[in-house]
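Undergrad: If you want the building blocks of each chain, they are given just below.
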Amino acid sequence: MLAIRPRLASRLAAWVALSPALAVLVVVYIGCTTWTIWISMTASRMLPSSNFVGLRQYEALFANERWTVSVSNLVIFGTMFMIASLALGFLLAVAIDQRVRAENLLRSIFLYPFSMSFVVTGLVWQWVLNPTFGIERIGKNLGFADFKFDWIVRQDMVIYCLVFAAVWHAAGLVMAIMLAGLRGIDEDIWKAARVDGLPTWRVYVSIVVPMMGASFATASVLMATSVVRLYDLSVAMTNGGPGIASEVPAKFVMDHLFERQNIGLATAAATSMLITVAAVVGPFLYWQSRRRAAAGAH
Amino acid sequence: MSAAMTQASSQAMSHAATDKRCDVSVKDVEISFGRHVVLEKLSLDIAQSEFIVLLGPSGCGKSTLLNAISGLLDVNAGQIWIGGRNVTWEEPKDRGIAMVFQSYALYPRMSVRENMSFGLRVAGMPANEIQKRVADAATMLKITELLDRKPSQLSGGQRQRVAIGRALVRDAGVYLFDEPLSNLDAQLRAELRVEIKRLHQRLRATMIYVTHDQIEALTLADRIAVMKDRVIQQLDTPQKIYREPVNRFVASFVGSPAMNFMPGRVERGATGATFSLGDLSIPIQGYPFKSPGLTGAAVLGIRPEHVLSGAEAGPNAFNAQVEMAEPMGADTLVWCRTPSGASFSVRVDSGPSIAPGDTLPVSFPVGTLSLFEEGPDGRRL
Amino acid sequence: MVAMVEPTGPRPRPLTPARIGLYAFLFISALFFLVPLYVMIVTSLKTMPEIRLGNLLALPSAPSIEAWVKAWSSACTGLTCNGISVGFFNSVKILVPSVIVSIAVGSLTGYALSFWRVPVAGILFGALMTVAFVPYQIFIYPLVRIFASAGISNSLPAIVIIHTIFGLPTMTLLFRNYFASLPIELFKAARVDGAGFFRIFWSVMLPMATPMLIVAVILQVTGIWNDFILGLVFAGRENLPMTVQLNNIVNSTQGERTYNVDMAATLLTALVPLVVYFASGRWFVRGIAAGAVKG
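Chains as they are written, first to last, in the working numbering: chain A, -3 to 294; chain B, 43 to 423; chain C, 3 to 297.
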């Protein structure tokens, strides 16, 4: 885009306007990140110390069962949640795109959970999945005396409860993104496919889905970042329990910063999270900037 | 029935349409979206191997009509017949049609070859037959070297060639074109126009072509249906539409530069019928009035290229005041006024220079002028 | 083969199995999304004895708003029993200045980055885009220390600054993309008319950005209201937002849980974003679409 070189007064004004953002860039993005990474290489516990210990905090971190459980939980949660919310969101978008009645109502119903907080989401599902009064009781009341649905109190299953709640929260967002993508497809493509005699499912599989790369990428990145940030949901729904069965990395960091007073370990965990995000988001941003460059070249 | 179709379509494509019945009839078709009526009791008969152009401004219903013929749009009443079959309730793929779209509508993630063959593959046609058809169509359209490219690697003109190729492999008797050249620049448009005309001569298939460009209509069509406000105003050969427009709308929509219109009166005197423009009296003896003996207020229409000027003007000439000259290369468009002040334009050869302020002898020969009722939509008299 | 009816008029469209399946899928999905809200509402209107009967889905036999009153004014968070209203007013206190300041800073930054040639603009914008993805945990400890040494830790100003910092990427992106879509001639015309940097922003650009301002308000109101972690760390004991108080009410009760009060409190907390969501309709979707990082 063409921009005009401003005269001196206006240039000064531009700098003034950008000063908060620049301050945030220097102090928070660069300063705090560096500080955190630095602390993670010191022997800090309750207070920061400048005693450099290399990667010893990271060794301790990955020897820590709470952390390894958190990480494996995150992997399970992340995989299941991404697949489930993308699949459900996409199917909902496709279903709504079939010129159904009450489209607006359905869209509102699918998306409203996304407007609410993770705390609210966690507490609602905690109640619905409550083994004494929740779904399990409904099954028993229906006459299935042996009906069991106590995942939320079972160490091996509790993480799937988090997945359930998170999909409920986010599938509507995926649907909204996918629907926008579907509606962006040239109507003539659909007409051409009909003249070609392609069955609808075939059009979706062979033509539409390959055209929706951008929508899938956007939705995936948004989901992935919310996976890494996962904290409130675990705190509100299970508080990491039973035992440490639903601990997650963000919670590990927070607990070690503020309750367990182990700053060195906490910052090492936070740095590990940062590296993970960089590994996920980096390629996406690179791909996007290349795409933009390609679009600009045309 | 569908078995017959498959059999018919598996014949070689070079002599395709000629041995297949492919006339199209639209009978009393009505289409509305909710309460909004788009087409009302519209009928249109298109002969075998005819090239018909639906011409009109946007919103006139021409694309709606095309979509109804293709089956992409359901009719609310009436029937569509293609090749002697009532196809009103048929799916587009079963109607024996192929279609080309304005936005090309190529499948973006497939190569040109896959784009052209996808429909046939899904229909379960044998691979060697598909290959042959794709190769034939590609040769015909000179896109053989593009077959393995993706649509994003093609120019607009190439994309539209591929889209036409995708229609060709269907080996249909009826080809539908929905403003296929509107997204192209002027030069490519002219080039592809010729290409489409050549295809029609070669395939002898029925072609129905929607456009808002009157040049395309005049150059391509066997017959043109000029549409406005959801109604076919005139259905005729390009010559006839150009020479004898049925109303002022058709007269002004077809032809460029536009026809001149001058309001005046038809009078009958001793020397026969005249058209009076203020003090000026233009002889129109011999004009083929629809209702003989008519007199009264009317509008005279004449195309700039039909006005005779200078030495050609003949005995009936009057002197017009030149106001402005627009050189257009081969011709010059000269803007003049009659003695009574009516403005009109004349197309003259670019030879002698004509300057504002000159007087130019001109005449309106009765053989090429048109007379209309008063008012912007006046009918031909 | 149907009887020999001459096809004419609209094609008959029988209800196909595919169509029935489609509606069944949509209906079941709608139930999945609606049941939790329904359960929340009916539970909050029941009495504890009725809840103990275990009919999660049953309508309350005698609807009572007692639980709502209790949740609002006398539910206990830890030691104090003043209800969730405390949290509500804290959240309002945090929300109003945070929304105003974060949108003001974000729109100004977006404007400066879209029309003005500033040397670091590219780096700054790239950094903002990237940081939108980074987990908060990486910044939290240093920020706590910085606020402590500035003497504003655990205070309203601290949480407002925090929301401004973490709202900056989205807000900047939103406004930059919007301003970049405006014709640059508009900006040039204003320059020719002699308007300066802030004058153009205030008199020309901001009035044109009303749709984006609405979107930004929707995004920030729901985002800040729903925040948990930042309020927990930075707002201080006196200003804990509603989400944190809600979690304390529900998850740190001693003795028997009062589920009806819990659900009433949960609904009360969800009320503001729900009202914003249903009142704003398509604007909300537009907001998340614009906020979804797509340069």
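Read the hints as simulated data drawn from the structure, not as lab findings. Mixed in with the good hints, there may be bad ones.
Below, computed lysine-lysine pairings styled on DSBU-like, alpha-carbon distance capped at 30 Å [as the list claims (entries may be wrong)]:
id	chain 1	residue 1	chain 2	residue 2
1	B	K239	B	K282
2	A	K187	B	K239
3	B	K174	A	K187
4	B	K332	B	K282
5	A	K187	B	K282
6	B	K192	B	K239
7	B	K270	A	K187
Undergrad: For every hint, state whether the structure bears it out.
TA: Here is how each hint holds up against the structure:
| no. | hint | in the structure |
| --- | --- | --- |
| 1 | B/K239 <-> B/K282 | holds, 20 Å |
| 2 | A/K187 <-> B/K239 | holds, 24 Å |
| 3 | B/K174 <-> A/K187 | holds, 25 Å |
| 4 | B/K332 <-> B/K282 | holds, 16 Å |
| 5 | A/K187 <-> B/K282 | violated, 34 Å |
| 6 | B/K192 <-> B/K239 | holds, 27 Å |
| 7 | B/K270 <-> A/K187 | holds, 25 Å |
Hint 5 from the list above is the single one not met by this structure.
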